[in-house]
Amino acid sequence: MLNMKNIRKVFRTDLVETCALDDFSLTVDQGEFVTITGPSGCGKTTFLNIAGLLETHTSGLYLLDDVDVSQLGDYARAKLRNQKIGFIFQSFNLMPDLNLFDNIDVPLRYRGMKSAERKERIDKALDSVGLFARRKHVPAQLSGGQQQRVAIARALVGDPLFLLADEPTGNLDSNTAKGVMALLEEINDSGTTIIMVTHDQSLAQQSKRNIHILDGRISNASNETANKEATAA
Amino acid sequence: MEIGPILRALTRNKLGVILISLQIAFTMTVMVNAVFIINERSKLMARPSGLDEPNMFYLRSTGFGDQFNSEITEQDDLELLRNVPGIVDATAINSIPISGGGSSDGLRLEDDPTLPSIPAAVYFTDERALNTMRLNLIAGENFSGSDVLHQRSSEGRNYPMAVVSLALAEALFPEEGQTAVGKIFYNDSNPVQIIGIVERLQAPWTNSFFVEQAMLVPLNFISSTSTYLIRTEPGQRDRLMVETEELLAGNNSNRIIRDLKSMDETREESYRLDSSMATILFVVILTLVFITSMGIVGLAVFGINRRRKQIGTRRALGATHAEILRYFMLENFFISGVGVTIGAVLTIAFSIALSSLFEMPTMGWYYTPAGMLILIGIGQLAVLGPSTKASRIEPAIATRSI
Ligand SMILES: Nc1ncnc2c1ncn2[C@@H]1O[C@H](COP(=O)(O)OP(=O)(O)OP(=O)(O)O)[C@@H](O)[C@H]1O
Ligand SMILES: [Mg+2]
Numbered sequence: 122m123l124n125m126k127n128i129r130k131v132f133r134t135d136l137v138e139t140c141a142l143d144d145f146s147l148t149v150d151q152g153e154f155v156t157i158t159g160p161s162g163c164g165k166t167t168f169l170n171i172a173g174l175l176e177t178h179t180s181g182l183y184l185l186d187d188v189d190v191s192q193l194g195d196y197a198r199a200k201l202r203n204q205k206i207g208f209i210f211q212s213f214n215l216m217p218d219l220n221l222f223d224n225i226d227v228p229l230r231y232r233g234m235k236s237a238e239r240k241e242r243i244d245k246a247l248d249s250v251g252l253f254a255r256r257k258h259v260p261a262q263l264s265g266g267q268q269q270r271v272a273i274a275r276a277l278v279g280d281p282l283f284l285l286a287d288e289p290t291g292n293l294d295s296n297t298a299k300g301v302m303a304l305l306e307e308i309n310d311s312g313t314t315i316i317m318v319t320h321d322q323s324l325a326q327q328s329k330r331n332i333h334i335l336d337g338r339i340s341n342a343s344n345e346t347a348n349k350e351a352t353a354a
Numbered sequence: 121m122e123i124g125p126i127l128r129a130l131t132r133n134k135l136g137v138i139l140i141s142l143q144i145a146f147t148m149t150v151m152v153n154a155v156f157i158i159n160e161r162s163k164l165m166a167r168p169s170g171l172d173e174p175n176m177f178y179l180r181s182t183g184f185g186d187q188f189n190s191e192i193t194e195q196d197d198l199e200l201l202r203n204v205p206g207i208v209d210a211t212a213i214n215s216i217p218i219s220g221g222g223s224s225d226g227l228r229l230e231d232d233p234t235l236p237s238i239p240a241a242v243y244f245t246d247e248r249a250l251n252t253m254r255l256n257l258i259a260g261e262n263f264s265g266s267d268v269l270h271q272r273s274s275e276g277r278n279y280p281m282a283v284v285s286l287a288l289a290e291a292l293f294p295e296e297g298q299t300a301v302g303k304i305f306y307n308d309s310n311p312v313q314i315i316g317i318v319e320r321l322q323a324p325w326t327n328s329f330f331v332e333q334a335m336l337v338p339l340n341f342i343s344s345t346s347t348y349l350i351r352t353e354p355g356q357r358d359r360l361m362v363e364t365e366e367l368l369a370g371n372n373s374n375r376i377i378r379d380l381k382s383m384d385e386t387r388e389e390s391y392r393l394d395s396s397m398a399t400i401l402f403v404v405i406l407t408l409v410f411i412t413s414m415g416i417v418g419l420a421v422f423g424i425n426r427r428r429k430q431i432g433t434r435r436a437l438g439a440t441h442a443e444i445l446r447y448f449m450l451e452n453f454f455i456s457g458v459g460v461t462i463g464a465v466l467t468i469a470f471s472i473a474l475s476s477l478f479e480m481p482t483m484g485w486y487y488t489p490a491g492m493l494i495l496i497g498i499g500q501l502a503v504l505g506p507s508t509k510a511s512r513i514e515p516a517i518a519t520r521s522i
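Which chain is which? The protein sequence lines are H and E, in order. When we follow our numbering, the leftmost residue of the first sequence carries the number 122, and every step to the right adds one. When we follow our numbering, the leftmost residue of the second sequence carries the number 121, and every step to the right adds one.
The hints are simulated quantities; they were obtained by calculation from the structure and are not laboratory data. Mixed in with the good hints there might be a few duds.
To be verified - Each computed DSSO-like pair below joins lysine-lysine, with the alpha-carbon atoms no more than 27 Å apart: (1) Lys-429(E) <-> Lys-240(H); (2) Lys-429(E) <-> Lys-200(H); (3) Lys-126(H) <-> Lys-235(H); (4) Lys-245(H) <-> Lys-235(H).
Owing to the predicted nature of the structure, the values given are computational and were not obtained by experimental measurement.
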């Protein structure tokens, strides 16, 4: 489903070249819950951005759903993001001027979906994160944990191939974080693939599969599935 | 299309929207009314006087001393002028059309001072005025040389006949108009017969409400000052202005020649206020439109910078370049829409106030919608640059910036 081979990402500025990812290979299958860990600056977000088609990679092969995305133009990448990927951000990234309903509506409108179907999906998504009653509220009227639930609902509403989460609990206190994690696990249990970056070692240890990155390379893939892959490679 | 969410998001940022739409509304009000005033002025300036202005000029001769005989001098001068090669014709006249100074009479259909009178500019002149001015005689005939009375102004200003402008004929005899030849009107208690009608002849006063009501009458005032109106062959005017002045000055040493001026200069001077007003209004419009455009650009740039992360997030969620561009174009469209709607109300109110205060004609219905469209167009143009920039914001902003 997600298949990266020897991905390399170099950031060029006027003065320096930073190699954020190097010889990075990873396969993620349907239904997995993968956590990504590593020290700050090791390339976690870079990986997520490439996986989510927010950035292009410098070299290597990336097959998304068996499609080589390296050659796609901006328009096609936007459409793929819209249809196949759900994003969850550390700081939620909700539109402060829109109520919850309109927030969750954003990706569906870019898909050009009919209003009746959008409403049905949004109501369902709001319901699944327990915030249907607050659909007319704006994000500022919600707690951090609730805002992240809205963001999760927005990520899920389009039935994506997988969710990409960059430290989704990074801005939350530990109790709220647990609630959000429980929600993500529930979502994973019902079949949605999740790839999540986290600083929290305990969360990483709990997950079925953990990828540890050091200086842009996978340093040790831990847990059963990853070990399998490491021996295969 | 995401009209609903854009509108709902806008209502959460009311202040900026209200301020900029009020600015748009005021700009539209001033712009539309100023354009209307400019157009009205240009229409006034474009009215033909009836004269062959480009080929005409005039000058004055003022005699002094005991030896000066104004009657003989005038006869001599006209004789001389009419024989100058290049001069088509010349006439002695008391005042010059559109020049600002002249004479008028109140005319009535009956010899009854209690009746309301119709005002008309009177040109005291001779039988050559018609040809000199190159007026278009559309009915009746001109008076002849023998009809012309020569008298001092102290002897009164009675004239038995007149060649009137069509507008004056229509004002006097609305039923007859062009067929009013032969009709009689009264100047005080003196009957005057209309013997001819010219298509057009303007009064000396360009701002007068009866600027189109004028007439030529066969009366020549004997005075030490004579005004000669002269028409030349096309292209000869400037040369002849110089030569004529010298010729007359040399012909008689007991007078001075002054006020040499072409009709073009006269028109320019008479309408100077109108044309400078039009220029000032035009500058005001440009300035206002510029300031408002800058306001729109400013608000757009500010709004886009404030929402960089939102834009990145929208891109991450699947918005294409075009969809981001369209978002901000639409947003501006709605802000301008509010502005021009308020503007339409203000524009019409302002124009009604103007026309009732200054007796201006009422504005055509099409001014307001045209102003609305133009300001929306200006808004869209102003916001095109910022919106294009917004559409280029990288989706990675969504994860990279805090
Ligand atoms: N746009 C960019 N231009 C230049 N260098 C960049 C850019 N984005 C990231 N980098 C560099 O790439 C490297 C990897 O960055 P990345 O954001 O992926 O790290 P990270 O693992 O997510 O760190 P953190 O845990 O702090 O979020 C860093 O050295 C970073 O400075
Ligand atoms: Mg990061």
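In ascending order, which of the hints set out earlier in this document are inconsistent with the structure? Hint 3 is the one this structure does not satisfy, whereas the remaining hints hold.
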